[in-house]
Structure formats: C-alpha cells, structure tokens
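Chain A is already provided as a structure; the job is to place chain B on it using the hints.
Number of protein chains: 2
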Amino acid sequence: MKLIHYLDQEAEVVDMDGAKGTVIRHIITEKDGAPNFNLRVLTIEPGGLSPNHSHPWEHEFFILSGDGIGEVDNKEAKVRQGDVIYVPPDVQHCIRATT
Amino acid sequence: MKLIHYLDQEAEVVDMDGAKGTVIRHIITEKDGAPNFNLRVLTIEPGGLSPNHSHPWEHEFFILSGDGIGEVDNKEAKVRQGDVIYVPPDVQHCIRATT
Numbered sequence: 001m002k003l004i005h006y007l008d009q010e011a012e013v014v015d016m017d018g019a020k021g022t023v024i025r026h027i028i029t030e031k032d033g034a035p036n037f038n039l040r041v042l043t044i045e046p047g048g049l050s051p052n053h054s055h056p057w058e059h060e061f062f063i064l065s066g067d068g069i070g071e072v073d074n075k076e077a078k079v080r081q082g083d084v085i086y087v088p089p090d091v092q093h094c095i096r097a098t099t
Numbered sequence: 100m101k102l103i104h105y106l107d108q109e110a111e112v113v114d115m116d117g118a119k120g121t122v123i124r125h126i127i128t129e130k131d132g133a134p135n136f137n138l139r140v141l142t143i144e145p146g147g148l149s150p151n152h153s154h155p156w157e158h159e160f161f162i163l164s165g166d167g168i169g170e171v172d173n174k175e176a177k178v179r180q181g182d183v184i185y186v187p188p189d190v191q192h193c194i195r196a197t198t
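Chains A and B, in that order, are what the protein sequence lines are.
Heads up, the first sequence is in the numbering used here, so the first residue is 1 and it goes up one at a time.
Heads up, the second sequence is in the numbering used here, so the first residue is 100 and it goes up one at a time.
These aren't lab readings, by the way, just hints derived from the structure by calculation.
Here the structure is a predicted model, which is why all the values come from computation and not from measurement.
There's no promise every hint is true.
List of simulated lysine-lysine pairs, BS3-like, C-alpha gap at most 27 Å [stated by the list, open to error]: (1) B/Lys130 / A/Lys75; (2) A/Lys2 / B/Lys177; (3) B/Lys130 / B/Lys177; (4) B/Lys119 / B/Lys101; (5) B/Lys101 / A/Lys20; (6) B/Lys119 / A/Lys78; (7) B/Lys174 / A/Lys31; (8) B/Lys119 / A/Lys2; (9) B/Lys101 / A/Lys75; (10) A/Lys20 / A/Lys75; (11) B/Lys174 / A/Lys2; (12) B/Lys174 / B/Lys101; (13) A/Lys78 / B/Lys130; (14) A/Lys2 / A/Lys78; (15) A/Lys2 / A/Lys31; (16) B/Lys177 / A/Lys31.
Isolated chain A (complex conformation) (with noise of 0.2 Å):
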C-alpha cells in the first residue's frame, strides 16, 4: 500500500518562467504505477502564481485552502476551498493566490 501525507513528500520550487512563490508536491506519479494521473499539491503563497500556460494533459483542481484566482482561457474567477475547476487539455491557464 503507498500510504504517504502529503507534507512528508519533498516539495519542489516551480521554476517555470513567471511563476512565483509556488512550490510543488508529486504526490502520485506513474513512478507508483500510476496509468492515467499525476497527482500533485502546489502551494502558493500570498501574492504568488502559476503562471499562464497549457499542455497536453487536463488539470482537476480541488482548492484544499486559501482563497485565490483562477484563469481558464482567459476568463477569472474567484475560487476559494472546495472549490473544484477543470482544465481540459492544451487550454491556457493561470492560478493566483490572495491568501
């Protein structure tokens, strides 16, 4: 059984062009067997980002806490704990925390 809290997982700077004070956990990873999705936490401070940018892969975004915004294809939103958003696959997004 993997079994792991996510804080005891390394968490990693994202580096990615424009982002700021994000780091970032993998969590599950085809590493574990995995077939279809990573899943990972990022933890942004107050302020930071990850910036505008698309991929492949889909996102499924569950906010564990804090308020920030989200940006799916240019359009915003506030989003806050609970709150769930879905990135399909090769559509730009951004995700800002304000808490």
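Frame of chain A, contents of chain B only:
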C-alpha cells in the same frame, strides 16, 4: 470554465453491497470531457464504510478531513487529513471512517 464548489454537486447514496453511511459526489467526469480521471468526493459518516471491492480502474485518495482506516490488498492503516492513498487497478480496497 467549469468551476464548482463540491458541496454544490448533488450527493448520491452509495448503495453498493455492504456500504454504510456513505455518499458520493461526482464532480468531474467524462461528461465534462475529462479524458483520464474522475474527480469524486466521498463523505463517510463516523462508523460508515465503502466496502472491500476492486475494479479495473485505479484510485488516488486524498483525505480532506477526519480520521479513518484504509485497507488495500488486505493491509490496514490509519488515515487522517492530508494523507494520500494509491490503490492500483484491480486491487481490493476498503475505506472506513472513525470520525
């Protein structure tokens, strides 16, 4: 943009044989165009459970709150907020809530 608070998704009672005190919300599914993974939220009452079963698709559990017992391939472990469990395809698993 699909943006939804998980509590705004209708909860369905899990009526699988042996299930108890468990509801499920299907938040992101193939109906949203998601190509690989369904994002679902289970809510299990204290003493409730999703019974031992298996299926060809994997699970990637993130414990949002509460305490419980996860069982994968007949191995049990306590789980708590922030824990992640990976259940590979076709492996027996069960989850029970203590709180």
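| Of the hints stated earlier, which fail here? | Numbers 3, 4, 6, 12 and 14 - these are the hints that the structure violates, sorted from lowest upward.
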